[in-house]
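In case you want the letters, here they are:
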Amino acid sequence: MHKIESKNINFYYGETQALHDVSLSMKENTVTALIGPSGCGKSTYLRLLNRMNDLIDNTKLTGTILIEGEDIYAKNTNVDDLRKNVGMVFQKPNPFPKSIYENVAYGLKVNGITDKKIIEERVITSIEQVALWGEVKDKLKKSAFELSGGQQQRLCIARALAIQPSILLMDEPTSALDPISTSKIEELIYELKNKYTIVIVTHNMQQAGRVSDTTAFFYMGELIEYDKTKTIFTKPSQKQTEDYITGRFG
Amino acid sequence: MLSSAATSITVVLIVFFLFIEGAGVFTKKPIEEGFLLVVHSTNPIQKLEPSQVKDIFDQKITNWKQLGGKNEPIVLFRTEDITEFYSDEELGENFEHFPAKIDEYVSKTPGVIAFFSDKYKAKNFHGKELEINKIKIFEFLSGEEWFPTAQPIAQMGVKALIYGTLWVSFGAILLALPIGLAAAIYLSEIARKRTRNILKPLIELLAGIPSVVYGFFGLVVIVPLIQNVFGLPVGETGLAGSIVLAIMALPTIITISEDAMRTTPRAMKEASLALGASHWQTIYKVVIPYSASGITAGAILGIGRAIGETMAVLMVTGNAAIIPHTLLAPLRTIPATIAAELGEAANGGLHYQSLFALGCILFLITFCINMMVEFVTNRNSHKKH
Amino acid sequence: MTKEIRLAKQKRRNQKIAFGVFQFTSYTVVGLLFVILSFIVIKGISVISWEFISEMPKEGMTQGGIFPAIVGTLCLVFGSMIFAFPVGVLAAIYMNEYVKDGWMKKIIKQMTNNLAGVPSIVFGLFGMALFVNKLEFGDSLLAGSLTLGLLVLPVVIRTTEESLKSVDDTFRQASLGLGASKWQTTSKVVFPIAFPNIITGLILSIGRVSGETAPILFTVAAYFLPKLPTSIFDQAMALPYHLYVISTSGTNIEASRAMAYGTALILIIIVLISNLLANALRKYFGKKVKMN
Chain A
211 MHKIESKNIN
221 FYYGETQALH
231 DVSLSMKENT
241 VTALIGPSGC
251 GKSTYLRLLN
261 RMNDLIDNTK
271 LTGTILIEGE
281 DIYAKNTNVD
291 DLRKNVGMVF
301 QKPNPFPKSI
311 YENVAYGLKV
321 NGITDKKIIE
331 ERVITSIEQV
341 ALWGEVKDKL
351 KKSAFELSGG
361 QQQRLCIARA
371 LAIQPSILLM
381 DEPTSALDPI
391 STSKIEELIY
401 ELKNKYTIVI
411 VTHNMQQAGR
421 VSDTTAFFYM
431 GELIEYDKTK
441 TIFTKPSQKQ
451 TEDYITGRFG
Chain B
16 MLSSAATSIT
26 VVLIVFFLFI
36 EGAGVFTKKP
46 IEEGFLLVVH
56 STNPIQKLEP
66 SQVKDIFDQK
76 ITNWKQLGGK
86 NEPIVLFRTE
96 DITEFYSDEE
106 LGENFEHFPA
116 KIDEYVSKTP
126 GVIAFFSDKY
136 KAKNFHGKEL
146 EINKIKIFEF
156 LSGEEWFPTA
166 QPIAQMGVKA
176 LIYGTLWVSF
186 GAILLALPIG
196 LAAAIYLSEI
206 ARKRTRNILK
216 PLIELLAGIP
226 SVVYGFFGLV
236 VIVPLIQNVF
246 GLPVGETGLA
256 GSIVLAIMAL
266 PTIITISEDA
276 MRTTPRAMKE
286 ASLALGASHW
296 QTIYKVVIPY
306 SASGITAGAI
316 LGIGRAIGET
326 MAVLMVTGNA
336 AIIPHTLLAP
346 LRTIPATIAA
356 ELGEAANGGL
366 HYQSLFALGC
376 ILFLITFCIN
386 MMVEFVTNRN
396 SHKKH
Chain C
6 MTKEIRLAKQ
16 KRRNQKIAFG
26 VFQFTSYTVV
36 GLLFVILSFI
46 VIKGISVISW
56 EFISEMPKEG
66 MTQGGIFPAI
76 VGTLCLVFGS
86 MIFAFPVGVL
96 AAIYMNEYVK
106 DGWMKKIIKQ
116 MTNNLAGVPS
126 IVFGLFGMAL
136 FVNKLEFGDS
146 LLAGSLTLGL
156 LVLPVVIRTT
166 EESLKSVDDT
176 FRQASLGLGA
186 SKWQTTSKVV
196 FPIAFPNIIT
206 GLILSIGRVS
216 GETAPILFTV
226 AAYFLPKLPT
236 SIFDQAMALP
246 YHLYVISTSG
256 TNIEASRAMA
266 YGTALILIII
276 VLISNLLANA
286 LRKYFGKKVK
296 MN
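Residue numbers (this note's numbering), protein chains in the order written: chain A, 211 to 460; chain B, 16 to 400; chain C, 6 to 297.
There may be inaccurate statements among the hints.
Taking CB as the label site, the calculated pair distances span [stated by the list, open to error]:
#1 S254(C) <-> L189(B): 27 to 33 Å
#2 F390(B) <-> N404(A): 51 to 57 Å
#3 K110(C) <-> K449(A): 54 to 60 Å
Simulated pairs of lysine-lysine, BS3-like, Cα-Cα distance not exceeding 25 Å [to be verified]:
#4 K21(C) <-> K215(B)
#5 K284(B) <-> K21(C)
#6 K123(B) <-> K352(A)
#7 K285(A) <-> K284(B)
#8 K284(B) <-> K302(A)
#9 K14(C) <-> K326(A)
#10 K208(B) <-> K288(C)
#11 K308(A) <-> K300(B)
#12 K288(C) <-> K215(B)
#13 K232(C) <-> K300(B)
#14 K319(A) <-> K21(C)
#15 K300(B) <-> K326(A)
#16 K21(C) <-> K300(B)
#17 K213(A) <-> K440(A)
#18 K8(C) <-> K285(A)
#19 K285(A) <-> K114(C)
#20 K352(A) <-> K300(B)
#21 K170(C) <-> K110(C)
#22 K300(B) <-> K349(A)
#23 K170(C) <-> K215(B)
#24 K403(A) <-> K349(A)
#25 K352(A) <-> K213(A)
#26 K208(B) <-> K285(A)
Chain B side only, calculated, beta carbon under 7 Å to chain A, not exhaustive [what the hints assert, rightly or not]:
#27 K208
#28 A282
#29 A286
#30 A289
#31 L290
#32 G291
#33 A292
#34 Q296
Calculated directly from the structure, the hints in this document are not laboratory data.
Note that beta-carbon positions come from the ideal geometry of N, C-alpha and C, so glycine has one too.
All chains should be modelled from the sequences, with the hints used to inform the complete structure.
Given below as structure tokens:
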């Protein structure tokens, strides 16, 4: 069974159709990269997986998305629980204007965990998981804004991991970072693969090549090609994919 | 160039005129112009404080001993009392013997203190004119009685008025803040765009209605309502003022808080939701803390408006210049006092000047409030960078 | 697991309750507006007639109309605008287009904000001290208009400044790039683009001026005048003051109640019209700019 299964997805912002009949499934504990030129629908697709697009007025969705076999757009789905299971990391690091510790503890607290010991344990584990512990262990009470951009982004990943999701969505997580921070995050993604199912949107094709097992190429709201990353980058079956990969547009 | 300085010039002029006129209260004697306070020539007392004179005429001080003089009971004398001692014939048909008779009475009464117009002062008057100290700023601020036309000594304690102003304003904010915040949260975070586009202009319209109309509405609807609900003798109370002011402060609070909440970056809200927080948790754990300074600014501004509001309060609070102990009693605010009394005060007189001094107090309070708003908003923009 | 389900339920319930309360409160606020408006409309509509707006008050202001108060308010609105509008607009242009950011701009901004926060009764005191007594205008339309003009000055400056700021800098650069002077750029390019918004702000401030009572109490307003003002040195009646007087201290408060409702309704109608007009203008000009 696939971890994430989407069938015949059509999505509209008002009159504009952003996704055309997209069907795409991902296996457990794999990294899937979504690539394509801006406005191709890859981020829109990603944000459907934790229902983040619900926040936008006047949108419409047809088709079904199953996560662990359950329809996440069914009437009785609890969106909060869904998002607890499907973590998300955003384009720009977006820590809360709170302390480093409070940032990671936030997700635990809003999900009803009150035991201070458990919270502390999970905060530390999560920060260790993103290899940030050595850098922040002495300033957990300091504002998260005092960290560098790369550190902030790793903190945001730690924040997402703290509530123990099984899926992690990443929306161009390194686009606002320098090369060194980027490579750190890429290493991290590689390590996290063993425990999480990761879907990553990226502009950077080398990155897709480095971190992902499978790659989906989107163009104008359509899924053009979906295959093993190796295949996509070496012998794509579609001309559009080849053009994009070889840098003829995009 | 000059026009851009217009507002600055106006502020300076306002300060100048207000304070020049207002300062008169402290440089003038608090006894009505053209009137005298006189004691027997042998009385050793030279000078009295305004509050002492008041206590004497209120018969709280009844012996000169209490003021450091001789052991002699105090005898009060006002112009009209003269008829008790002399017949109409003795005083003359046109009161032409008034001065002489007053002089005579004062001379033969060692414990007397007399208050009369200086046109009744005899040529070679035998009594001794008392010096009256000027009102001190401290007395002005801490005095509990506001009765600027009282005789012989004007009572100008603004404590009751300051209390009245603050009671009504804080009562109003207490009512308006929770309601305003709830509405702001609904408009900025929960309502659909279309609902918001309908509701917001309507709420802004609420801000456009003249205060005198609110006062009128309060007078014909809220005042009788309060009177009936609480079974009071009169409905014109501090509570009525607070309710009317709360209605008037709502648009300010809603608009400013709503604007502040909408500046919360989308990324913050999404981060919270992506962690499984419910919409409501996101609002109170992320949106409200993030916009706290904007909300505070809105609340302070609301208080400022309430403190300065004149007409609506004047019409519904009953205007009793007493220190309020409950919001269910009539009270009087600073702006209402100015509006109610300036028409009757003689230009340039003590009463007139005391109202300008009230204006100074009001100006200073609102000035401080403006500065606070400025401070809060600046600190906020500082934090965001 | 059951604990988690319970927590999730609780979370959802809390949200439902909170949102319900917020929605209810918001509609209550709007409901309040309707209560106030409809109360005055219902009570006042039967009073309003051609006679009411065109005749002098009669029988100690319990009968007749409010014509002189309407005229007085119109004069005050007009008078304060011909003072505040040019001064305010010029000030805003100078501030926005000419003054560079620095301490001077900061001070002027601060002063404008402070002036906006000064209570209207303090304007009344000031107007009385300066215009009525010091400059010896007496209680007059002139003194009242100037006082009201100063009161709305910060409003006019702010709206004008915001309108000027919303003009895209590329327009300025384009004009300057073609060799136009700073003043030509401001007057021929920036001002016309900003004009619709400025006018909208102006109309909204008319609503404000027509309803202000405290500043005119001691500078112009008359309790009752049997004739209309003939010069700017005359006293005048005004709608908001008239409403105040007949609802609190008229010769016969009960008998003049109907007049009071009518006057309140007229005041509200003025505010509504200026709001609607401003909105309509905003929409109209908004479309025009888009079409270009």
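Q.
Please list, smallest to largest, the hint numbers that this structure does not respect.
A. 6, 13, 19, 24, 25
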